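Produce the entire structure from the sequences given, and follow the hints as far as they go.
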Amino acid sequence: MKNNTAFCFDLDGTVTRLEVLPVIAAELGLAEEIGFLTQMTIRGQIPFEMSFRLRCRLLADIEVDTVAHIVEDVPLDEEIADFIRARREHCYVVTGNLNVWVRRLVGRLGCGVYSSTADARPNGKLGALTSILRKGTAIRDLRSQYDRVVCVGEGFNDLPMFEEADIGVAYGGVHPPAREVIENADYVVGQGATLCKLLNTL
Amino acid sequence: MQTVEHAVIAVAGLGSRLGHGKPKCLVEVAGRRILDYQLELLRDVPDVRLVVGYLEHEVIEAAFRLRPDLTLVRNPSYRTTTTQQSYWLGSRHLRGPCLYLDGDIIFEPETFHAFLVQARTHAPLIAVTQAKTEQAVFTAVQPGDADPFLSVTSFSRTDRSLWEWANLACLPPGLLEENGGNVFDRLSLHLPLRAQAIVCCEVDTEGDLAQAETFVAQMHAQQAAGPARHVA
Numbered sequence: 000m001k002n003n004t005a006f007c008f009d010l011d012g013t014v015t016r017l018e019v020l021p022v023i024a025a026e027l028g029l030a031e032e033i034g035f036l037t038q039m040t041i042r043g044q045i046p047f048e049m050s051f052r053l054r055c056r057l058l059a060d061i062e063v064d065t066v067a068h069i070v071e072d073v074p075l076d077e078e079i080a081d082f083i084r085a086r087r088e089h090c091y092v093v094t095g096n097l098n099v100w101v102r103r104l105v106g107r108l109g110c111g112v113y114s115s116t117a118d119a120r121p122n123g124k125l126g127a128l129t130s131i132l133r134k135g136t137a138i139r140d141l142r143s144q145y146d147r148v149v150c151v152g153e154g155f156n157d158l159p160m161f162e163e164a165d166i167g168v169a170y171g172g173v174h175p176p177a178r179e180v181i182e183n184a185d186y187v188v189g190q191g192a193t194l195c196k197l198l199n200t201l
Numbered sequence: 000m001q002t003v004e005h006a007v008i009a010v011a012g013l014g015s016r017l018g019h020g021k022p023k024c025l026v027e028v029a030g031r032r033i034l035d036y037q038l039e040l041l042r043d044v045p046d047v048r049l050v051v052g053y054l055e056h057e058v059i060e061a062a063f064r065l066r067p068d069l070t071l072v073r074n075p076s077y078r079t080t081t082t083q084q085s086y087w088l089g090s091r092h093l094r095g096p097c098l099y100l101d102g103d104i105i106f107e108p109e110t111f112h113a114f115l116v117q118a119r120t121h122a123p124l125i126a127v128t129q130a131k132t133e134q135a136v137f138t139a140v141q142p143g144d145a146d147p148f149l150s151v152t153s154f155s156r157t158d159r160s161l162w163e164w165a166n167l168a169c170l171p172p173g174l175l176e177e178n179g180g181n182v183f184d185r186l187s188l189h190l191p192l193r194a195q196a197i198v199c200c201e202v203d204t205e206g207d208l209a210q211a212e213t214f215v216a217q218m219h220a221q222q223a224a225g226p227a228r229h230v231a
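Which chain is which? The protein sequence lines are A and B, in order. Using numbering that gives the first Met the number 0, read the first sequence as starting at 0 and increasing by one per residue. Using numbering that gives the first Met the number 0, read the second sequence as starting at 0 and increasing by one per residue.
Keep in mind that the hints were calculated from the coordinates and are not lab data. Predicted model, so just to flag it, every value in this text is computed and none were measured. Please note that a few of the clues may not be correct.
Covered, in the sense of this in silico footprint (three residues per stretch, anywhere, with C-beta under 8 angstroms from a C-beta of chain A), are these stretches of chain B [unchecked claim]:
| # | region |
| --- | --- |
| 1 | 91-100 |
| 2 | 113-121 |
Derived CB-CB ranges, DEER-like [what the hints assert, rightly or not]:
| # | chain 1 | residue 1 | chain 2 | residue 2 | range |
| --- | --- | --- | --- | --- | --- |
| 3 | B | 56 | A | 17 | 55 to 65 angstroms |
| 4 | B | 179 | A | 49 | 41 to 51 angstroms |
| 5 | A | 74 | B | 130 | 49 to 59 angstroms |
| 6 | A | 139 | B | 42 | 35 to 45 angstroms |
| 7 | A | 74 | B | 43 | 23 to 33 angstroms |
Every residue gets a Cβ at the ideal spot worked out from N, C-alpha and C, and that includes glycine.
Okay, here's the thing in structure tokens:
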């Protein structure tokens, strides 16, 4: 495999076997509210940024470290996780989720991360949202370091990543990829093992 | 079974001559889709790639139901490109030999598997079959360097022969080109080519489809009667 290729992975429903926010919500008794927003976002019925701000508001009263611990235990697709760990210098998680929530989970993988960012307040609660990641930005940033960028994702908010990447893989291991993602992809795969086999041939 | 590592099936085309309003891989022959027959023959090949174009969402959904570990490769330019472009996209980046087949063919299993066994170690290897289709690409065939191989020395649409190109080949990487013309024109640059005879039935027209139904019925009858004999 060439060392001049970066591999970018969506987190929710790609590297993780479950969507992260619904898991948080279930732990905190907000399953219905967060689930509704997540479905609307996956279908592209509300913009990701609006949905994300609303979801953050719902979780604003929870200590960020409590959320980070819940997220840390979200099950991963072990084959994708192994692929990332074996090439951690060239793999990146690209997620709209907050840095303060996903840092422990990404730590399990040991790779780079592009995420939305927020501050934690002195009392441990969520502070101000300081940035919401547009996933295309991550790919553009990686261009300065790599000759080629490969991206893997499934949801509407992954589209900017597919538009910027050299090779796009629509991944349907957790749920079917959005049609628009398929239509912007080079490859479509339905299993983690197949995905890794494909990535190894690129 | 020891077999090739990679296979690419081209199913992107419109299938307009048949005119069923769906890709030919989803057309049923004797109650089963052509894709179903082909995937069964390729069940021991670890990396099977399907190059999709026309009605891609329908094909992707059907394909994953038949074999969840497939890789789907998109050919968004399927309306204006040839099968060679689908093959090129399907095997792009691969570093080993790859089996290529058209998605509109019913293959007789015994001769197909014999081809697969040889293909593993003898790429480039192409398949020929007894000439019978309306728009055959005829192949001039001579005895090959060793049994069971034949040697193809030319392709032609006009110089009739007993054999035609069967749209099945195992080729090393780099032999196909991006945005190229017909596959057989590309193969012509590498003649003579080692070949092996197979038995198959291509479905391009309504007449072919009727023949394919008969072909499948005969295969089933032979299987029921015991070990098959084939006129290769």
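Quick rundown of the hints versus the structure:
1. 91-100: holds (count 3)
2. 113-121: It is violated, with 0 qualifying residues against the three required.
3. B:56 with A:17: 55 to 65 angstroms: violated, 25 angstroms
4. B:179 with A:49: 41 to 51 angstroms: holds, 47 angstroms
5. A:74 with B:130: 49 to 59 angstroms: holds, 56 angstroms
6. A:139 with B:42: 35 to 45 angstroms: For residue 139 (chain A) and residue 42 (chain B) the Cβ distance comes to about 42 angstroms; the hint holds.
7. A:74 with B:43: 23 to 33 angstroms: holds, 31 angstroms
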